[in-house]
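Participant: Numbering (the numbering used here), first residue to last: 1 to 294.
Derived by calculation from the structure, the hints in this document are not laboratory data.
This structure is a prediction, so every number in the text was calculated from the model and none was measured.
Ideal Cβ placement from N, Cα and C applies to all residues, glycine included.
Hints are supplied without guarantee of correctness; some may be wrong.
As the list claims (entries may be wrong) - Label-pair ranges, simulated between beta-carbon atoms:
1. Gln91 / Ile188: 11 to 21 Å
2. Gly291 / Glu200: 31 to 41 Å
3. Thr261 / Asp73: 42 to 52 Å
4. Arg138 / Asp282: 44 to 54 Å
5. Ser183 / Asn80: 16 to 26 Å
6. Ala247 / Asp162: 15 to 25 Å
7. Ser183 / Gly291: 12 to 22 Å
8. Lys186 / Ala286: 32 to 42 Å
9. Glu200 / Asp48: 16 to 26 Å
10. Thr246 / Ile141: 41 to 51 Å
11. Ala286 / Val215: 33 to 43 Å
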Amino acid sequence: MMDEPLERRAVISGAAQSDIGRRLHRSGLDLTIEAALRAIDDAGLTVDDIDGLSTYPGSGGPFGGASGAELHDALRLSLNWRDGGLETSGQLGAVHKAVLAVGAGLARHVLVFRTVVEGSGGPVRASAAGGGMPPAFRYLIPYGAASAANWVACYANRHMHDYGTTREQLGAVAINARNHAASNPKAIYTEPMTMEDYLEARLVSEPFGLYDCDVPCDGSTAVVVSHRDHAGDAPEVPIQVNALGTAHRGRPSWDQFDDLTTMGMRDSAASLWERTELTPEDVDTAQLYDGFSW
1 MMDEPLERRA VISGAAQSDI GRRLHRSGLD LTIEAALRAI DDAGLTVDDI
51 DGLSTYPGSG GPFGGASGAE LHDALRLSLN WRDGGLETSG QLGAVHKAVL
101 AVGAGLARHV LVFRTVVEGS GGPVRASAAG GGMPPAFRYL IPYGAASAAN
151 WVACYANRHM HDYGTTREQL GAVAINARNH AASNPKAIYT EPMTMEDYLE
201 ARLVSEPFGL YDCDVPCDGS TAVVVSHRDH AGDAPEVPIQ VNALGTAHRG
251 RPSWDQFDDL TTMGMRDSAA SLWERTELTP EDVDTAQLYD GFSW
């Protein structure tokens, strides 16, 4: 391993969210500006200090909320580095690239954001003729598999087939997520849920019922990634980046991945542990994306 991985020069100096809600009926740009200004303030910085910008997926619409170009213009940012693109390793890809840009000296303070207006934006419809449709969707839409719920359900079904996983086990994940939501003042659903509630909910995409699925909502999250040498004035103690994993060694496909009992995190996790002297036993808290029960 190299003497100092590039990412260790970076810290998370600020983090914040906009208001979060089921249907806020606010524009994606409005929510993005709110989260961005709060994150910049949390880092003890001003807009003039921001010299980098990174986002995913980079475009507007319900899944993008606001584009990088829109925020760049709205805040009148003066940037040394900017990135925003759909083809990246998910939402964390924007953070990864910001960390590497800071480590390489391309920017001192990079504003990173992710915004969705899925609650207010309405359903996303694809043309029956396939115009403007990504190629992979042409093999999914005819079978009614237009949603991530359909795709992730394939993984759950395969795991059930191979290992005997049950709906009750998925239900335990959903119930645990609801219990944790009760302590989050920004959570949308906080009422306690029982296993009976879970099992009686309508099916969405077998084996997924309503409570297995991600919740369409509106909101924006922003973080500031700073070079450690330029984060000394942060009001809060910055979070030091130790390692990141970016590998994706399987096929870049939801439904054609080589092992449907795993997901892309399999490869990125392996590359993460290759870049650090730490082990899983050293981890005190795990912050995992859990929009679905699987």
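Participant: If you check the beta carbons of Thr246 and Ile141, does the distance land in 41 to 51 Å?
Facilitator: Given range 41 to 51 Å: violated, Cβ gap about 30 Å.
Participant: Could you say whether the range 12 to 22 Å given as a hint is met by the Cβ separation of Ser183 and Gly291?
Facilitator: 18 Å, holds
Participant: Hint says 32 to 42 Å; check whether the CB-CB distance for Lys186 and Ala286 agrees.
Facilitator: 20 Å, violated
Participant: Starting from the range 16 to 26 Å, see whether the pair Glu200 and Asp48 falls in it by beta-carbon distance.
Facilitator: At 55 Å between Cβs, range violated.
Participant: Between the beta carbons of Gln91 and Ile188, is the distance compatible with 11 to 21 Å?
Facilitator: With a Cβ separation near 18 Å, Gln91 and Ile188 satisfy 11 to 21 Å, so the hint holds.
Participant: Return holds or violated for the Cβ distance of Ser183 and Asn80 against the range 16 to 26 Å.
Facilitator: 40 Å, violated
Participant: Quick check: does the Cβ-Cβ distance between Ala286 and Val215 fall within 33 to 43 Å?
Facilitator: Once the Cβ atoms are compared, 21 Å apart, the range 33 to 43 Å for Val215 and Ala286 is violated.
Participant: Do the Cβ positions of Arg138 and Asp282 conform to the proposed distance bound of 44 to 54 Å?
Facilitator: With a Cβ separation near 45 Å, Arg138 and Asp282 satisfy 44 to 54 Å, so the hint holds.
Participant: Please test the hint of 31 to 41 Å on the beta carbon pair from Gly291 and Glu200.
Facilitator: At 21 Å between Cβs, range violated.
Participant: Look at the Cβ atoms of Thr261 and Asp73 and judge whether their distance stays inside 42 to 52 Å.
Facilitator: The hint (42 to 52 Å, Cβ to Cβ) holds, given that Thr261 and Asp73 are roughly 45 Å apart.
Participant: That 15 to 25 Å hint for Ala247 and Asp162 (C-beta), does it hold up?
Facilitator: For Ala247 and Asp162 the Cβ distance comes to about 24 Å; the hint holds.
Consistency with the previously given hints fails for numbers 2, 5, 8, 9, 10, 11, ordered from lowest to highest.
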